[in-house]
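Student: Note that the protein sequences, when read in sequence, are chains V and D.
As numbered in the working numbering, residues 1 to 230 make up the first sequence, in order.
As numbered in the working numbering, residues 1 to 483 make up the second sequence, in order.
Rather than coming from a laboratory, the hints here were simulated on the basis of the structure.
There's no promise every hint is true.
As the list claims (entries may be wrong) - Covered, in the sense of this in silico footprint (three residues per stretch, anywhere, with C-beta under 8 Å from a C-beta of chain D), are these stretches of chain V:
no.: 1; region: 134 to 140
no.: 2; region: 177 to 187
no.: 3; region: 206 to 215
Claimed, not checked - In silico DSS-like cross-links for lysine-lysine, where the CA-CA straight-line distance does not exceed 30 Å:
no.: 4; chain 1: V; residue 1: K218; chain 2: D; residue 2: K218
no.: 5; chain 1: D; residue 1: K319; chain 2: D; residue 2: K218
no.: 6; chain 1: D; residue 1: K218; chain 2: V; residue 2: K143
Note that the Cβ used here is the ideal one computed from N, Cα and C, for glycine as well.
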Amino acid sequence: MADITLTIDGKTCKAKPGQSIVDAAKENGIYIPVLCNYEGLKPAGTCRICTVRVGGRFMAACTTPVGEGMIVESGTPDIEDMRKAIVEMLFVEGNHMCPCCEKSGNCELQALGYRYQMLVPRFPYLWPASQVDASTPKIFLDKNRCVQCLRCVRGAVTPDGKHVFGLLNRGDRTAIAIDHALASKMTDEMAQKAMDSCPVGAILRKEVGYVVPIGMRKFDSKPIGSDIGQ
Amino acid sequence: MSRKITIEPVTRVEGHGKVTIHMDDAGKVSQTRFHIVEFRGFERFAQGRPYWEMPVLVQRLCGICPVSHHLAAAKAIDVIAGAGTGEGLTPTGEKMRRLMHYGQMFQSHALHFFHLVSPDLLFGADGDPAIRNVIGVALMHKDLAVQGVMMRKFGQEIILATAGKKIHGTGAIPGGINKNLSVAERDSFLKGADPLNIEKMVSWAQGALDFFKDYHSKNKELIDDFAVFPSNHLSLVRKDGALDLYHGVLRAVDTDGKKILNDVDYQDYLTYIGEEVRSWSYMKFPYLKSLGKEKGWYTVGPLARLNTADFIPTPLAQKEFEIYKAYTKGKVNNMSMHMHWARLIELLHSAEVIRDLLNDKDLQGDNLVAKGPKKKEGVGLVEAPRGTLFHHYRVNDNDQVEMANLIVSTTNNNEPMNQAVNYVANWAFNGKKEITEGMMNRVEMAIRAYDPCLSCATHALGQMPLEIELLGAGGIMLDRKRR
Chain V
1 MADITLTIDG
11 KTCKAKPGQS
21 IVDAAKENGI
31 YIPVLCNYEG
41 LKPAGTCRIC
51 TVRVGGRFMA
61 ACTTPVGEGM
71 IVESGTPDIE
81 DMRKAIVEML
91 FVEGNHMCPC
101 CEKSGNCELQ
111 ALGYRYQMLV
121 PRFPYLWPAS
131 QVDASTPKIF
141 LDKNRCVQCL
151 RCVRGAVTPD
161 GKHVFGLLNR
171 GDRTAIAIDH
181 ALASKMTDEM
191 AQKAMDSCPV
201 GAILRKEVGY
211 VVPIGMRKFD
221 SKPIGSDIGQ
Chain D
1 MSRKITIEPV
11 TRVEGHGKVT
21 IHMDDAGKVS
31 QTRFHIVEFR
41 GFERFAQGRP
51 YWEMPVLVQR
61 LCGICPVSHH
71 LAAAKAIDVI
81 AGAGTGEGLT
91 PTGEKMRRLM
101 HYGQMFQSHA
111 LHFFHLVSPD
121 LLFGADGDPA
131 IRNVIGVALM
141 HKDLAVQGVM
151 MRKFGQEIIL
161 ATAGKKIHGT
171 GAIPGGINKN
181 LSVAERDSFL
191 KGADPLNIEK
201 MVSWAQGALD
211 FFKDYHSKNK
221 ELIDDFAVFP
231 SNHLSLVRKD
241 GALDLYHGVL
251 RAVDTDGKKI
261 LNDVDYQDYL
271 TYIGEEVRSW
281 SYMKFPYLKS
291 LGKEKGWYTV
301 GPLARLNTAD
311 FIPTPLAQKE
321 FEIYKAYTKG
331 KVNNMSMHMH
341 WARLIELLHS
351 AEVIRDLLND
361 KDLQGDNLVA
371 KGPKKKEGVG
381 LVEAPRGTLF
391 HHYRVNDNDQ
401 VEMANLIVST
411 TNNNEPMNQA
421 VNYVANWAFN
431 GKKEITEGMM
441 NRVEMAIRAY
451 DPCLSCATHA
461 LGQMPLEIEL
471 LGAGGIMLDR
481 KRR
């Protein structure tokens, strides 16, 4: 099939049919921020940080496929402010204590906070009474930090198709949970994979922490998105 | 008419403290108290958190000596991670932590002496408060100020290279360390451009001691007679009795030099040490159980360490230690202002230890972490700049901390600081009709000798105004002064 031509922020881009706007932008050196989108997983469009404007409508760029002649706005001031507001909302809806979180420096939410120069959120802190679940042998699950991106729900699946993680409750009571029976059979490798897939510090591997020295962490010297474009 | 004098907040200290002095109808001091008036709560925050988080979480107690908390917590967590009680680490893990710790000791002692204490010595207790501060030192004694700043910087750079950040790093992890020292980092300390190299630091530390000894020879009354009272002394010492600021056994001596805690394993500290709560302060009062609450209190910090240690295992500091000990004819030293002398000897010792470590190839090793069968409970002790620091954690079956107990240096020194305040208040205030700024500063000087770092027990940082209130017997304010 022939390539599709679209424009993103005025730049003419080539993309493959069926490709998402996020992936097409990435291939053309344009960074559109993502949190719930994760390589190898089917896009879910849960976090909306990748929101772009297509033909005057706001769309999630991770779930919207490219179209011929599509005109995409991504880096406009209003959209960037909207993204910043989403980052702020994610911070106030959880209990994020970056100073002692072992994901600090590797955390995508923190990195986006820096990208958007978030100082004081415009929304009041909700201080939810979240819990931790440390009862499984390999995983320390800190619900205070979960942004409900569903990466773990989609990614941590047993060979027979069972999900290790899932969401409980509805609305503002929604919380991440772990299947204790399945989690008890997790290997170190599976636990590490689950931790790596979490964009924040909600899923931690037990007994090891802070092993990567400051200066060598993912975002210590390379701000998020700098490997793709501005 | 009886009256109450309040010094609040105490200045040129880290943290928020208050002093109250009650005077009776005859104008005599009837009671003094040094209060810690804010509450921290870290022992509660720690509950429920994973044990490997403790060295990073709990160091947030303090922005001045976070390394001490980082390492004390790490040593306690080592025990839980099965890495032994201070001697099971790999050579690289152990020595990198020591380098971090002595870097911290070096920068903190430099800060304490040059920034916080030297103004009192250079300008006098009655000196103009407008210049009796670090800015005044910079204006009037530039060389000394530059040395203070650069020595602090050198120590901070050591911390950066070992912990990843100058303040609140992550270097110490359960059972070891997360990085070694690169050859480039090592060489920057050994051969750095003047003055930031270890030889200059050793030389400047010697210079600071010479400065103090010269000052001492001209101001014997202040240094020898200010806040002198009998005390027990407690610290870690190496198993052979040497001064060791990172690891050892617990030793305490009484005011006559008799060992009252004979080189015991600090994992059993609860057998020997109790903590008393008094209603007027958020800070507890630790004591040696064998002597009871009344007589069991003890001093920690440089003065105590040089009272408990038999010798210093580096040559230049040992030579100074011998001069220092000869001054009291080998007896226990209870002179509060000699805390500064002892501190400067430790400053020199730290520089020597850093030099030795930098020349040790183990720092470039790759075996960073040791592990073994997990335990449920661990105690970690280090000698922080201001004194012995206890961290104690117990975890549940899910690796969560269920109990944390911290006895910080400031807490250990609680009763001695109260004693010093009482001594100085009686000496300076008794029978005086007018309360001068210099008199109030003398009370603060007594606290500064022990501990300008109340952050472990309090939150407020920075320079704050000193306020004094004269209250009549009925609580009516008679006079109020503020600076």
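Student: Does K218/D sit within 30 Å of K218/V, going by the straight-line distance between their CA atoms?
Tutor: 57 Å, violated
Student: At least three residues with a C-beta closer than 8 Å to a C-beta of chain D: is that true for the region 206 to 215 of chain V?
Tutor: Per the Cβ count (10), the hint holds.
Student: Would you check the hint for K218/D and K143/V, treating anything up to 30 Å between C-alpha atoms as holding?
Tutor: Not satisfied, since the Cα-Cα distance of roughly 63 Å exceeds 30 Å.
Student: Please check whether the region 177 to 187 of chain V has three or more residues whose CB lies within less than 8 Å of a CB on chain D.
Tutor: Coverage by chain D is violated for the region 177 to 187 of chain V (0 residues, Cβ < 8 Å).
Student: Report holds or violated for chain D covering the region 134 to 140 of chain V, Cβ cut-off 8 Å, minimum 3 residues.
Tutor: Contact hint for the region 134 to 140 of chain V vs chain D: holds, 3 residues under 8 Å.
Student: Within a Cα-Cα threshold of 30 Å, do K319/D and K218/D meet the stated pairing?
Tutor: 22 Å, holds
This entry does not satisfy hints 2, 4, 6, going by the numbered hints stated previously.
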